[in-house]
Every structure is written in C-alpha cells, then in structure tokens.
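Construct all of the structure, not just a fragment, from the sequences and the given hints.
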Amino acid sequence: MLKQILHKFLNLEGVVAACVVGDEGSILTTAGQKFPDFEEVGLRVYLGMRASKALAEELDRDELTMIFLEIEDGTLLATPLDNDHILAIIAKNNTNIGRIRYELKKNRDAITTAL
Amino acid sequence: MIDYLPTGKSIGAMQASLQWILTHTFRFIGAVMITLGEGEGFILIKKGKAEAYYYQHGSKVLRGKAAYDYFSTQDLLTFRLQKYNAEEYRKAFAFYNGEQGSELTPASLDADIPAISVKPSPEPPRSVAQAVEQTVHSMEPAVNQDHESGPAAEEPHDVVPDVRKILQSAEDSLDLSPSISEMTGKPESGDGTAPPGDDVGEIRTPEETADRQSSGAPGLSGQQAKPDEGDATAGAGEEPVTGVRQSPPATAPGAPPVAVDERDDTPETAAPPPGPHAITVEDSEIADLGWILRRNGVLAASVFSDGFSVVALGDADFEAVAAIAEDALRAAESIAAALDMGTFLQMTVQMQGKNVIIAPYRDAHICFLTSPKTHLGQIRGILQELSLRNPTQAL
Numbered sequence: 201m202l203k204q205i206l207h208k209f210l211n212l213e214g215v216v217a218a219c220v221v222g223d224e225g226s227i228l229t230t231a232g233q234k235f236p237d238f239e240e241v242g243l244r245v246y247l248g249m250r251a252s253k254a255l256a257e258e259l260d261r262d263e264l265t266m267i268f269l270e271i272e273d274g275t276l277l278a279t280p281l282d283n284d285h286i287l288a289i290i291a292k293n294n295t296n297i298g299r300i301r302y303e304l305k306k307n308r309d310a311i312t313t314a315l
Numbered sequence: 104m105i106d107y108l109p110t111g112k113s114i115g116a117m118q119a120s121l122q123w124i125l126t127h128t129f130r131f132i133g134a135v136m137i138t139l140g141e142g143e144g145f146i147l148i149k150k151g152k153a154e155a156y157y158y159q160h161g162s163k164v165l166r167g168k169a170a171y172d173y174f175s176t177q178d179l180l181t182f183r184l185q186k187y188n189a190e191e192y193r194k195a196f197a198f199y200n201g202e203q204g205s206e207l208t209p210a211s212l213d214a215d216i217p218a219i220s221v222k223p224s225p226e227p228p229r230s231v232a233q234a235v236e237q238t239v240h241s242m243e244p245a246v247n248q249d250h251e252s253g254p255a256a257e258e259p260h261d262v263v264p265d266v267r268k269i270l271q272s273a274e275d276s277l278d279l280s281p282s283i284s285e286m287t288g289k290p291e292s293g294d295g296t297a298p299p300g301d302d303v304g305e306i307r308t309p310e311e312t313a314d315r316q317s318s319g320a321p322g323l324s325g326q327q328a329k330p331d332e333g334d335a336t337a338g339a340g341e342e343p344v345t346g347v348r349q350s351p352p353a354t355a356p357g358a359p360p361v362a363v364d365e366r367d368d369t370p371e372t373a374a375p376p377p378g379p380h381a382i383t384v385e386d387s388e389i390a391d392l393g394w395i396l397r398r399n400g401v402l403a404a405s406v407f408s409d410g411f412s413v414v415a416l417g418d419a420d421f422e423a424v425a426a427i428a429e430d431a432l433r434a435a436e437s438i439a440a441a442l443d444m445g446t447f448l449q450m451t452v453q454m455q456g457k458n459v460i461i462a463p464y465r466d467a468h469i470c471f472l473t474s475p476k477t478h479l480g481q482i483r484g485i486l487q488e489l490s491l492r493n494p495t496q497a498l
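The listed protein sequences correspond, in order, to chains A and B. With the first letter of the first sequence counted as 1, position 14 gets the number 214 in this note's numbering; the numbers rise by one all the way through. With the first letter of the second sequence counted as 1, position 107 gets the number 210 in this note's numbering; the numbers rise by one all the way through.
No lab work stands behind these hints, which were simulated from the structure alone. Where a beta carbon is used, it is the ideal one built from N, C-alpha and C, also for glycine. One should not assume that every hint holds.
Straight-line distance between alpha carbons at most 16 Å, and here's what the computed EDC-like set of lysine to aspartate or glutamate pairs gives [unchecked claim]:
| # | chain 1 | residue 1 | chain 2 | residue 2 |
| --- | --- | --- | --- | --- |
| 1 | B | 476 | A | 262 |
| 2 | A | 253 | B | 430 |
| 3 | B | 150 | B | 190 |
Covered, in the sense of this in silico footprint (three residues per stretch, anywhere, with C-beta under 8 Å from a C-beta of chain A), are these stretches of chain B [said to hold, decoys possible]:
| # | stretch |
| --- | --- |
| 4 | 418-425 |
| 5 | 435-442 |
| 6 | 455-463 |
Written out as structure tokens, the structure reads:
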C-alpha cells in the first residue's frame, strides 16, 4: 500500500525517487531510482529534518512543514509525516515543485495511515 | 538641518530596530540617516556610541532624548548608513550642537574647534578619577540650574546621567580603568546605548563659559555670536559640549591637565577591541543584506560562518539561529553529496509562520527569513539576483 502511494509520485514529471525515512534515519521503503547510498541519504535527511525542527523551534516555536533542498542537478523535498517518519521526494532540476508539493499534501494522510 | 550634514560614504540602506542599530555599530563612525513617516532624522554614532539623535517633520523638531524616545517606539526604522571620516564626523557633530545652540552655518564649521582650556582649582587631584569626580560635583548644580531655568526644562531631563555620559565618553577615550560608578558611587546608565538625558550640548559649567570667553579662545564660542532665540539654554558665546567632551577640566593649579582630548583623528588601533560579535565585515556584505531585506517578504537576513552570525539585519536573533542553521546546512551538503547530483545550492525550510533560506554566500553562508507568503519562485529569484551581485560566489 505504502509503495503504491509512493509510485504515484513517480508519475510526476521529473521525480526520480521517493522514500519514507523512519526513526534514526533508517529507510523504511523506497520507490523509483535506487541510489547507491540510499541509507546515507536517509540518515542525512533525518539529520537535516532534526536541525530544521530545531530551527523552527528557535524561531517562535514554529511548526516545520517542509524542507526544500536545491542541488546543482536535482531537488529534494522532505516533509515530516509524524514525529518519527519523513517523506522524501527526489527530482531532477526544472521539475514542477508546486505540483510535487500539492501531491505531498494530498497524500500525506494516506501515507501516514499506511505506515 | 539634515541637508547640511556631510554626505560621507553611503554603505547601504536597510531596516532594523533602534536597539539593533545601537548594538551593531561597534566600529561604525558616521550617521544613520532615518526616514520615518514623512519626516527624517539621524543618529550620529561613533564606534558604538550614539552621540546625537535628531528628527524633523515639517517644522517640528525632536532632539536628544525626545528623538531617541520616538525612534524607540518604532519596531523597524528605515535607514541609510553614511560612513564618515574623522573630519566629516566632527563637522556633523559640531553642526548638530551648533544648530541647537546657535545659528551656526555650515561654513562656520570649517574652522577647527579647539579644546577648552583647563581651569585650575584649589586642590590638586591625586588622580584622573578624582578629577572627574570633582567635575561631577562641580557640574551638577550648574546643570540643574540650566535645567530649571531654560525652556529645555520642559522636556524630561535627567541631568546626572548627562554628566555621567560626558564623563563616560571622556573616560572611554582615555581608556581609564575606574568607571564612573566606581568614582561617584552612583549607578551607571547601562550598556552605553542608554537614552540620552538630553542633548549634551546644553551642559556646561559657568566657570568654563566665563573662562572661555575671557580667554578669547577661538572656535565655536566666538563664531556663534548670535544666540538662538528659540533655545535659552544656549547663550551667546557659550561653548557647546564638544569642547566639554574634548577636555574635562582638571582643577589643580599647576597640576598636569586631566587631558581628555578626544580627537577625532584617533588612530583605529586606539579603539577598544571589538567584541565577539563586532562588525568586521565588508561594507558590500552589509549592502547585500540591505538589498535582500528590501525584497518583498524578507524579514531578516544574516551572513554566518561556522555557526556564528557575522553580520545580521532585520528583526531576528541570528546568534542562536546561526548555530542551528549550520547544522541544517551540513546535513544539506551531505545529502547533496550522498545523492551525487552536484553541489548544494540552497535550502529552504518552510514553517507555518515563516521560511528560512540558507545558501552559500562568498566564503560563508547567508540565511534569511521570509514571510510564509513568499513562494519558492521569489526565493530563487532573490538568490539568483544575489549571485549576479556577487559574480564570483557559488550561488
């Protein structure tokens, strides 16, 4: 079920992979391109999310909604699903970010339920 | 009046609170030119010390504490930083004092302002500290008299802090070790950014004035022959406080003068060492931050390096944010490395109430906050334009 939802993201133009990162950065499930060092990506996304949550906490105890990472040849979006899980989408450059964000919001509850 | 101030060198325009301005100008010498509503004003700052506050709206003019209070009520001030050299600052400060005390013209400020000659007193002080303390005692009644008799008395005016402020300036210029509070037993006004009691130009001792007049010393007193009818505290021939600040009087006959000669051409090395967060950045970085801050939706911006904020503008505490942003940045860079998709360009952390953007900037990183309504396209645009302003940077 979870994998099916993740595959929906792969239908979006430019999206190359989607994954759910669990507690302490472990990769729970992935869809799409297999990165050689996916475990490392999961761990770093987890650490990035933790730092971003601390940033939000520092800034008026705000609530983190999403991280958008722009790299030379790609883009990574990550959003917290609950306290322990993160959904990360990896896409090529010049992807329609707004569309991915829309799908993220639309499918967030379904993913959380499927966990 | 503002039109007559020296132009100096413009190093950027930005927005920040008065408190921020006063705590982030350790090494700045010049004028903070403020635009507020339909009026405008300025603060003269010399290495972290705000020495004059002025605001004008139409025919209404606020000076000293009144202007400070008004600026303080504003969450954000829109201002330009005009950097002065020693001569420009001296002229600006002299003009500020002259404007409130007499009808000085800008041309008259071209003449040098000599220090007040030292007035002997019956008992020689044993130390500089004692001399300054004597000065406090000798000045307070005179100041109180001024305060009660002049029109300026209508304004809130705590004269003792004024005296202390003058002496504190003198003490700073000599780097005297005992503080005013140690010498007088009175509490100090605080962090150096305390509000001015009022314009320091109104404080002078009658003895000094008489001595100054009788000696025929040249300078402002000789030039400002016409008293300002609108300000009874500044009589004809009286010496503006610039003289007082330059040389607090020693009171010992034959004793070496307690020379507090605060020359504006004091070499840079004589300045106190900057604090850990003193601004030692290039003017262009401040200009870049000012430029970012003027973009629609941007709330605050900072350049940070190794978890420390190097310079920041706007309404945010970047001291704490910079350390956490450094952690987020390292994670982002390692994600980029793990994905093998090229170098890290920027990171946007979206929250309910704001966005935080982190990106490489020159040999450090930049972090700025935007309102939540600022969308990713705008943020990318800001970063692209910033990279055009800095062609060598890796944005």
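Agreement of residue 150/B and residue 190/B with the hint, judged by alpha carbon distance not exceeding 16 Å: holds (15 Å)
Whether chain A covers the stretch 455-463 of chain B (at least 3 residues having a Cβ closer than 8 Å to its Cβ atoms): holds (count 4)
Given coverage of the stretch 418-425 of chain B by chain A, checked by CB-CB distance under 8 Å (3 or more): holds (count 3)
Hinted pair residue 476/B and residue 262/A, Cα distance within 16 Å: Cα-Cα ~15 Å, so holds.
Coverage of the stretch 435-442 of chain B by chain A (three or more Cβ within 8 Å): holds (count 6)
Given pair status - residue 430/B, residue 253/A, alpha carbons within 16 Å: holds (11 Å)
The structure fails none of the hints (numbered hints given earlier).
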